[in-house]
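Novice: Chains as they are written, first to last, in our numbering: chain A, 48 to 299; chain B, 1481 to 1771.
Just so you know, these hints were derived from the structure itself, not from any lab. Check the hints yourself; a few may be wrong.
Computed cross-link-like contacts, DSSO-like style, restricted to lysine-lysine with a CA-CA straight-line distance of at most 27 Å [claimed, not checked]:
id: 1; chain 1: B; residue 1: Lys1665; chain 2: A; residue 2: Lys165
id: 2; chain 1: B; residue 1: Lys1579; chain 2: A; residue 2: Lys75
id: 3; chain 1: A; residue 1: Lys237; chain 2: B; residue 2: Lys1579
id: 4; chain 1: B; residue 1: Lys1665; chain 2: A; residue 2: Lys171
Covered stretches of chain A, as calculated for chain B (at least 3 residues, CB under 8 Å) [to be verified]:
id: 5; stretch: 130 to 139
id: 6; stretch: 248 to 260
Glycine included, each C-beta is placed from N, C-alpha and C at the ideal position.
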Amino acid sequence: MSPNSKEGPGPDWVLEVSGLGVTLGRNKILENVNLTVRRGHIHALIGPNGAGKTTLMRSILGGMPHTGTIRFKFYGDGTIGYVPQFLDFDRAVPITVFDFIRLMLQDFPLFLSFKRGKREMIRKILEVTECDHLMDRMMGGLSGGEFRRVLLAQAVHPVPEILLLDEPASNMDEVGTNQFERLLLELRKKHDLSILMVGHDIRRILALCDHVTAINRTVIFDGKPDELRDPGKVAELFGLTTGADDLLGGAA
Amino acid sequence: MEWIYDIIRGWAESGLLPSIFQHTFMIRGLLAALLIGPLLGAIGTVVVTKKLSFFTQTIGNAAMSGVAIGLLFGEPVDGTYAGLYGFCLIVALVMTFIKNRARLSNDTIIGVVLAQVLGIGIVLMILVTSQFNIHQVEAILFGSLITLNDTDLISLAAAALGAGILFMLTYNRVMLSSFNPVLSKARGLNPVFLEYLFVTLMTVVVVASLKLIGALLVLVLIVVPAAGAQNVVTNLRQFVWVSMFFATISTTVGLLLSGLVPVPSGAVIVLVSSVLFYGSLLFKAVFVRRE
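Excised from the complex, chain A in its bound form (with noise of 0.2 Å):
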């Protein structure tokens, strides 16, 4: 069992995806996608390189045409936390970190506000994920671990009902790794948040995760974590005859 697991006794779910279909051109890359995140719990995506993970991601955020369903059961005002595995933007262009965060919180036009008091009220919100030191630093020049920090950092604020986390596939060192995991930790706690993650160190997101959902252009796996510690098991999901230890970093 995970350290972090928490047992919902309540069938209360915020997300539900059902019968899912996504069409590029003539290739199906997603079909009949099932599945149902709980209120409250870290709920895994994982599949092998070319799943559909991100497309499933971006279907839900709602950036993709799709057949099927996905439905929303929100309390509040139905803020959704997004974490993008990575930005593709010049790493030329001057945009701070206190930029990029207020951005997103006015509309008044950047360049033409010179009020210094929003400086606190970024800080404060860089604070949240350790990153309040990185305020004026250039995006482009952050390292992958602080970039993925500022990124949380914007996604939990104002705190969302349900975060939506897709995992870079390289670019984090262990240290980084280490920091941003713990981080997603405290502020699950904090806010009881509902998180689904697309992982791609398999090992790692078990350890963090209540739930797990493996797709490969369908869903191949639905249930606990505990289910999948067995490398044959996973072996047999990824279509491997080796590797699966690797893909459990020899944890298993």
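Assemble chain B onto chain A, guided by the hints.
Specialist: Then chain B, alone, in the frame of chain A:
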């Protein structure tokens, strides 16, 4: 319009401005330069961020076809507004549509359309050459201060005002969705709509600037000031202001020089903006330490 000209002429006569601004065409040029300089500079920051530089060039090329189409439909030689705005807007919106639907890279679509609108423009122009003046083509390509008239100036002012207000109202949202469309969507924005909106306002400004700087050079005035600003600024606010400053210096100083030396205004404006760009590069090399 005359009263504005009289005021500026007065300044030129009293020595407040160089005496060349006693000529009406120079006064019109100055007003145009002051209108489009800041606007092109500000828009350039988004164009550079969204990587739309060559998209802008395509709009410039499309102007050739636009003029020819305007003439075909019987518009006067010095006022093919419907053809210009109509065709350039169609090209811009169709390109954005293809980009969003066809899953081709922006680069590929631009490559295809850039060539097409130039080809169509040349064919059409040869077809209508018998009834129009080749200097008009030159003016579209390189800009021509002399042919700038009151109607141009009024259309430019209207375009600048409309585009400027729209730009300010949508700047933060456009910038955020350029960074990551999916993230902006999660934040409740509509990145596709914002893209169409930005492309439309950019096209209007580009077309309105054509007579002063010309189709071939409009790209330069959008990209170079923003690129120069990138060398010396440390945040987004400075980026916009320095880019606006560089662009306005380029248009006004370029205009003044083109009044003194008989060369097209657009070419001189580009030269000035290049000097500013290399200057900023030098400034960066000497004064700005790498992070």
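Novice: If a hint holds in the structure, say so; if it does not, say that too.
Specialist: Here is how each hint holds up against the structure:
1. B:Lys1665 to A:Lys165: OK: Lys1665 (chain B) and Lys165 (chain A) at ~24 Å, within 27 Å.
2. B:Lys1579 to A:Lys75: Within the cut-off at roughly 21 Å; holds.
3. A:Lys237 to B:Lys1579: Violated - the C-alpha atoms of Lys1579 (chain B) and Lys237 (chain A) are around 43 Å apart, more than 27 Å.
4. B:Lys1665 to A:Lys171: Distance of about 24 Å is within 27 Å: holds.
5. 130 to 139: holds (count 6)
6. 248 to 260: With 0 residues close enough to chain B, the hint is violated.
Of the numbered hints given earlier, the model fails hints 3 and 6; all others are met.
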